[in-house]
Amino acid sequence: MKGLLVRSSLRHLASHPWLTALSLLGIALGVAVVVSIDLASDSALRAFERSTDAVAGRATHQVVGGSSGLDEGVYRDLRLRRDAPVSAPVVEGHVQAAVGDRRTLTVLGVDPFAEAPFRDYAKGEAMGDVGALLTEPGTVLLSARAAQALGVPSGGELPVRVEGVEKRLRVTGLLNPSDEDTARALEALVLTDVSTAQEVLGQVGRLTRVDLRLRDEAEAKALAATLPTGTELLRASARAGTVEQMTKAFRTNLTALSLLALVVGMFLIYNTMTFSVVQRRGLLGRLRAVGITRGELFGLVLGEAAVLGAVGTVGGLLLGVLLARGLVGLVTQTFNDLYFVVSVRGLALEPFTLGKGLVLGLGATLVAALVPAWEAARSAPVTTMRRSTLEDVSRSRAPKLAVLGLVVLAGGTALLSWPTQALLPAYGGLFSVLLGSALLVPWVTERLSSAAAFPLGTTFGLLGSMAARSVRTSLSRTAVALSALMVAVATTVGVGLMVSSFRGTVVSWLDTSLQADVFISPPSLVARRGGATLVPGLTERLRATPGVAGSSTLRVASARVDGVPTDLLAVDFSQTQARPYRFKEGNPDTVWRELESSPDTLLVSEPFSFHRGVRVGGTVRLATDKGPHDFRVVGVYFDYGSDVGTMLMPRTTYERWFDDRGVSGVALYAAPGQDVDALVASVRERAGDTQTLLVRANRSLRQASLEVFDRTFTITQVLRLLAIGVAFVGVLSALMSLQLERARELAVLRATGLTPGQLWGLVSLQTGLLGLLAGLFSVPLGMALAYVLVHVINQRSFGWTLQLAVTPETLVQAMLLALVASALAGLYPAWKMARANPALALREE
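Under our numbering, the letters of the sequence shown match residues 1 to 845, in that order.
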C-alpha cells in the first residue's frame, strides 16, 4: 500500500513540473536570503577576529593608555620590575596600500626579541632578508599572498597612505605560513619593528599597548593596582567582544528582514501543498474509500512537503552561498562606514549557519504543510471528492480566522507596547502583526470581492461580474496568494517608509550640523570617524586663510567608558559664535555656558544616553591620561552619525585631561561676500602638498554624508527586492494553480462561446482585482510596519529618534507593485488557457 502512495505522489509531482519548480524556487529563495545574510555578516566578523587574533596572539591581558596611547617609559618600567610579567610592546594602526588592490593594511610594530611568547609568524617558510627588519629603518615583512595581490616583490617598495600622507616602505621578506588560518590572518598585515611603525603611524615615543601573559586574575589585580596614572589593564579578549556587541543590533535587524522572505516562502509552501491536495481530491477520496487510513494520507502530504523542502533547501543553501559572495562586499562596506576597519578576502562557510538554513527550510516547509495534510486526513471520502466542500469550509472558516487574526493583532500590539529594550519582543510583535493581518485576509477578501461585483459588472459586463465572483468562490486559493503578495508589498512599504523617514531626519540633522562653509580633514579609513590628524602647524595656517570670518576645530579621539572604547569629540568654538547642535535634553540657552565654564562636564549623544541609561545630571567615568575621572552630563544632543554613541567636550577640557594635541578637522566660516569656491581653492593652495586633505564645501560634505547613509541601506534595499522576488514566485504559483485547476470550468465557457480574447480578459480582470486588493491591504499594513520599525525597533536597536514621514510616492508605488506583480503572474495562465483545446480540457482523467 505504501508503494502505491509513493507512486501516486511521484506521478503527481512529475505531471506538474512548473508548479513543482516554482515551489522549489520559493523555498530556495527564502532559505538563500537568510543564509546569505548570515554568511556575509559572519565572514566580516570572522575576518576581524582573525586580524585581532593575529595581532593579539597569545596575550592574556593588555596595558593601554588614553587616546594617544602609552608612553614608551611604561613598557621600560614594566621590564625593570623585579617581578616583571612576560610582556611585549606593540604599535598598531591602519594604512591604505597605494598599489595593487589598494587594500587596507594593519601595521603591526613589535620587538622581535620580546615576541616569542606572544606571536609566531615564522611558522612555515620565510623568503628574503628577514634579518634586515632589525638593522634597516623603513623595512617590513608581508605575507606572500598580500605581496602577490599588491604586486610587490621581495625587496620592492610598498607605498602606503597614512592620514593623507604617502610613505614608502621596503619589503625585505615574505612570510608563507604553513596553515591556512594563519595565512588568512596575515593577508592584511604589515609586520615591522616598533620604531618603524611609530614613524609610519606618527606615534613616535608612543605605544598602542603592552601585551602581557599573566598566570591568573590574582596577578592581574596586583599588577593593575601598581600601574601608573592614565593606564589601564584590560583582558585581551575584550576587543572582540566589544565589536560583536557594537554590531549586534545591525546584524539582528538584517537577520529579521531576511526572515521576512522565508515567511513569504511559507505562504508559497502552504499554497502548493493545499493545491496538491485539492487537485487530487478525487484520487485521495478513492484511496480513502479502498482502505488508506487518515494517518497514511497525512504522512503522504507531509512526505511530499519534506521532499520538496529538502530539495529546495539544498538548492537554497547553494544559492545562499552564491548570493553571500555578492552581499559580503555590502556588509563589509557598512562595517567600514560605521564601526571598524576590516578587510574581507573570502567567504567563511560556517557549518552552524548552513545547518540553521537547513533546519529553517525543512522546518518552515513542514509547518506550512501541516494544515493541508490535516485537511486531507480529516475529510470523509465523499467530501474529499467534492471541490465545493473545500470552498464551503473556507468561506465558513473566514469569520473565525478573522476573529483569531484580531486576537493575534492584539497580542502583537501588546508585545510592541511592552516597556523593554529587548529586540525579541519587538520582532515577536512585528511578526504577530503580519500573521494577524494575513488571517484577516479571507474574510475581508470575501466582503470586498462581493462589493466589487457590481462596479466591475457595470464597467466590464458579464466578465467583470465573473472575475469578482471567481475570487470569492475560490477563497481557498485566492486568500493565500493575496496574503503572500500583501506581506511582500507591505514589507516593501514599511522598509521604504522607514528608510525615507530616516533619510529625511538625517537631512534635517545635517542642515543643523553643517553650518560652516568649508570643512577640512585628512582622509579616514572609517567613514563616520575622522580620527586622522592634521600635520602640526597646519591648523593655524588654515584658520588664517584670507576671507575667513570664523573657524572651529574638531578632534575625534577614543576614550574608554567602562573599558569600552567610545568616540570623544573635542571642539574649539573660540573663534565662532556657531553652535551646530540640537538637544534632546538640556536647555540650549545654558548648556554651552555651563559646558565651557566647568572642566568636569560633557555632552553625550542620544544613542550613548540610550545604551548606557545616562541622562542630564548623571555622570560618565572616562579613563583619561590623568586617571579615571567622573564627568557630569549637562546635555543630550541629537546625532545620527554613530549608533554606538559619542561624547563631546570643549577643547580646553580635553587638553586638561588628555595629553593629545592633535586636530582631526577644521571648519571655516566665510566672510560676508566671500565666494565659497574661491575660499576652497585658497585653502588647497595654502595647505600645499604636505598632506592630502579633503577640502569640501558645505554642499559637498552634505552629499558625501548622504552617500554614506545610502551605502548603509543598500543591503536593506537588496533584501526588499529579494522579498518581492519570493512573493512574485508565490503569486505566480498561486495564480497558475488557480487557473489550471479551473481548466474544466474555463473549457465549458469556451465551449459555450467564450473567445480566447474574452478568456484573456477574464483572467486579466481576476488577477487585476487580486492585485488591487493586495495593494489596498498592503498600504495600511505597510504604514503600521513603518511605525513599528521607526518608533519601536529602531529606537530599541540604536536609540535614535526619527520622524516618520509618509510619502505619497511610496504608497502609489505599493499599489503599482501589487498590480504589476499580479498582472505579470497572470500572463502565463491566461496564455495557456487561451490556447488550450476545450475538448481535451473537458475530459475527465
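Quick caveat, the hints were computed from the structure, so don't treat them as lab data. A quick note: this is a predicted structure, and the numbers were derived from the prediction, not measured. For glycine and all other residues, C-beta sits at the position ideal for the given N, C-alpha and C. It is possible that some hints are incorrect.
[What the hints assert, rightly or not] If you anchor each label on the Cβ, the simulated ranges turn out as follows: (1) V812 x E707: 23 to 29 angstroms; (2) E136 x F352: 43 to 49 angstroms; (3) P588 x R661: 35 to 41 angstroms; (4) D562 x E707: 30 to 36 angstroms; (5) L721 x R835: 54 to 60 angstroms; (6) P588 x S417: 17 to 23 angstroms; (7) L721 x L370: 55 to 61 angstroms.
[Claimed, not checked] 20 angstroms max Cα-Cα, derived EDC-like pairs, lysine to aspartate or glutamate: (8) K626 x E655; (9) K167 x E219; (10) K221 x E136; (11) K221 x E232; (12) K626 x E199; (13) K167 x E72; (14) K626 x D659; (15) K832 x D689; (16) K167 x D71; (17) K584 x D511; (18) K626 x D42; (19) K167 x D689; (20) K167 x E217; (21) K626 x D111; (22) K221 x D101; (23) K221 x D562; (24) K626 x D675; (25) K626 x E585; (26) K167 x D193; (27) K626 x D71; (28) K356 x E72; (29) K584 x E594; (30) K626 x D689; (31) K167 x E157.
Within 20 angstroms, alpha carbon to alpha carbon, are K626 and D71? Holds - the C-alpha atoms of D71 and K626 are around 13 angstroms apart, at most 20 angstroms.
Hint check: K221 vs E136, CA-CA at most 20 angstroms. Holds or violated? Violated - the C-alpha atoms of E136 and K221 are around 39 angstroms apart, more than 20 angstroms.
Measure nothing beyond the straight line between the CA atoms of K626 and E199; if it is 20 angstroms or shorter, mark the hint as holding. Cα-Cα ~25 angstroms, so violated.
Does the Cβ distance between P588 and R661 fall inside 35 to 41 angstroms? 30 angstroms, violated
Confirm or reject the claim that L721 and L370 have a C-beta distance inside 55 to 61 angstroms. Because 30 angstroms falls outside the window, the suggested range is violated.
Cβ distance range 54 to 60 angstroms for L721 and R835, holds or violated: At roughly 32 angstroms between Cβ atoms, R835 and L721 fall outside 54 to 60 angstroms, so the hint is violated.
Restraint status (C-alpha distance of K167 to D193 at most 20 angstroms): 16 angstroms, holds
Is the Cα-Cα distance between K167 and E217 20 angstroms or less? 42 angstroms, violated
Given the hint that K832 pairs with D689, test it: the Cα-Cα distance must not exceed 20 angstroms. Distance ~70 angstroms between K832 and D689 Cα, so the pair is violated.
Would the pair K584 and E594 pass a check requiring their Cα atoms to be no farther apart than 20 angstroms? 17 angstroms, holds
Taking 20 angstroms as the top limit, are the C-alpha atoms of K626 and D689 close enough? 36 angstroms, violated
Are the Cα positions of K221 and E232 separated by 20 angstroms at most? 11 angstroms, holds
In summary, the structure is inconsistent with hints 3, 5, 6, 7, 9, 10, 12, 13, 15, 16, 18, 20, 21, 22, 24, 25, 28 and 30 from the numbered list given earlier, while agreeing with the others.
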